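Asker: As a plain string of letters, each chain reads:
2 protein chains.
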Amino acid sequence: MNRLFHVPLSPFCRKVRLSLAEKRIEVELVEERYWEQEPDFLRRNPAGKVPVLKMGGNTLAESGPICEYIEEVHPEPPLMPREPLARHEVRRLVMWFDDKFHHEVTSKLLYERVNKKIMGMGYPESKNVKMGAQKIKYHLDYMGWLLDQRRWLAGDVMTLADFAAAAHLSSLDYISDVDWNRNATVKDWYAKIKSRPAFRSILADQVPGFPPPQHYADLDF
Amino acid sequence: MNRLFHVPLSPFCRKVRLSLAEKRIEVELVEERYWEQEPDFLRRNPAGKVPVLKMGGNTLAESGPICEYIEEVHPEPPLMPREPLARHEVRRLVMWFDDKFHHEVTSKLLYERVNKKIMGMGYPESKNVKMGAQKIKYHLDYMGWLLDQRRWLAGDVMTLADFAAAAHLSSLDYISDVDWNRNATVKDWYAKIKSRPAFRSILADQVPGFPPPQHYADLDF
Chain B
1 MNRLFHVPLS PFCRKVRLSL AEKRIEVELV EERYWEQEPD FLRRNPAGKV
51 PVLKMGGNTL AESGPICEYI EEVHPEPPLM PREPLARHEV RRLVMWFDDK
101 FHHEVTSKLL YERVNKKIMG MGYPESKNVK MGAQKIKYHL DYMGWLLDQR
151 RWLAGDVMTL ADFAAAAHLS SLDYISDVDW NRNATVKDWY AKIKSRPAFR
201 SILADQVPGF PPPQHYADLD F
Chain E
1 MNRLFHVPLS PFCRKVRLSL AEKRIEVELV EERYWEQEPD FLRRNPAGKV
51 PVLKMGGNTL AESGPICEYI EEVHPEPPLM PREPLARHEV RRLVMWFDDK
101 FHHEVTSKLL YERVNKKIMG MGYPESKNVK MGAQKIKYHL DYMGWLLDQR
151 RWLAGDVMTL ADFAAAAHLS SLDYISDVDW NRNATVKDWY AKIKSRPAFR
201 SILADQVPGF PPPQHYADLD F
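Protein chains in written order, with full-length UniProt numbering: chain B, 1 to 221; chain E, 1 to 221.
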């Protein structure tokens, strides 16, 4: 059985879960308190981070490389286009969300409000929370601009770029930090992706001490 | 003519320069003061970062996605293996250097000592410099451990993982922040990669106000 070492609200883990689910690859989810840096876990991934995927006897680390691997060994249904320029656009946007969006928004909101508490690292810093709440507006506008020209974020078919974006936004939506009224196009895009069977496990997540808001799992939010 | 918008000591730009040079793809280098966020530059890459590559009429951003694109359109000589698991290992190690090493070492040494001055952002913070100088030891040891089992970092052939690592280490070597006496295996690896023709342009870099040490361009360092 494949096993994914993860934490429920990590956008990096969620991106891998979405890829696996879209390709109907079964996986057992194992919660990993990676910040405790247990020797057993460090042997699996010396970088000490989740996600880590055990699949067919191999141990894989880093969400981007894991998703590329899944795509190469389970190409159907495809989450990457075939043409190099289109593939570049998917990868550029995955980096946009996993690097820029993560740095400017996810780490400022989710990590301050949730991770710090779970890891026993104190209270949210309001300066960071304010900065994240400010910056997400620009990102939603950028997504809206992309989606005004394309059916999905990286082109006319759904790709890993959509899963990367949806992974971050769904984690932030769990703590009510996404204003869905800001951009109708982005809201429509999220409604489409949220209603996919691959999203079900993510909508069922429950983090002790942090009950999700009513609208989180609602397909008609 | 292809154009690469870059800054000389950026490890992300150096990784792309090494890939292009190894594949003998000619490129004009254009220095870009990306931190000034000129509208023309932001149109090329809304993320406001270097490297940006103009190639065959297309504008490409993000060093990882750029290198994957180059590999797909110019596969010879290969910098990625063919087998999915080996490709995962290359990508995992590229992320190791561009994410973990960058966060723990490059940003703590190079950015404190050089970028801050160039960008007019004040003096190095000695706490960060100390932390970077401490952490690089662990990374050199990890590289040595990998190289005790493999001829190159990700396996028995040279790949993008070696270029990612050499890009970071060469930038740090420019400011004398690498102790080559720590690990003889790592020093041998760097001597091998440094003597490749693809490395020449990097060894000729000169940053005004920061003359490189004598050993920087010396193949017998």
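Hints should not be assumed to be uniformly reliable.
Sample of chain E residues with no beta-carbon within 12 angstroms of chain B, all distances over it, derived [what the hints assert, rightly or not]:
#1 Val30
#2 Pro46
#3 Gly56
#4 Ser63
#5 Glu68
#6 Met121
#7 Gln134
#8 Gly155
#9 Asp179
#10 Ser195
#11 Pro212
#12 Gln214
#13 Asp218
Simulated DEER-style distance windows between Cβ atoms [stated by the list, open to error]:
#14 B:Asn181 <-> E:Ser176: 52 to 60 angstroms
#15 E:Pro78 <-> B:Leu85: 17 to 25 angstroms
#16 E:Arg200 <-> B:Gly48: 31 to 39 angstroms
#17 E:Ala191 <-> B:Ala184: 57 to 65 angstroms
#18 E:Val129 <-> B:Ala133: 44 to 52 angstroms
#19 E:Arg3 <-> B:Asn181: 38 to 46 angstroms
#20 B:Ala191 <-> E:Asp188: 55 to 63 angstroms
#21 B:Glu38 <-> E:Pro78: 33 to 41 angstroms
#22 B:Arg24 <-> E:Pro75: 48 to 56 angstroms
#23 B:Arg82 <-> E:Phe221: 43 to 51 angstroms
#24 E:Phe221 <-> B:Asn2: 41 to 49 angstroms
#25 E:Asp141 <-> B:Val30: 23 to 31 angstroms
#26 B:Asp40 <-> E:Val129: 28 to 36 angstroms
#27 B:Glu31 <-> E:Arg82: 32 to 40 angstroms
With a Cα cut of at most 16 angstroms, we get these calculated EDC-like pairs of lysine to aspartate or glutamate [said to hold, decoys possible]:
#28 B:Lys187 <-> B:Asp141
#29 E:Lys137 <-> E:Asp179
#30 B:Lys23 <-> B:Glu72
#31 B:Lys100 <-> E:Asp179
#32 E:Lys100 <-> B:Glu72
#33 E:Lys117 <-> E:Glu36
Source of the hints: derived by calculation from the structure; they are not laboratory data.
Bear in mind the structure is a predicted one, so any value in this text is a computation, not a measurement.
Glycine is no exception: its CB is placed at the ideal position from the N, C-alpha and C atoms.
Asker: Of all the hints given earlier, name the ones this structure violates by number, lowest first.
Answerer: 2, 3, 4, 5, 18, 22, 31, 32
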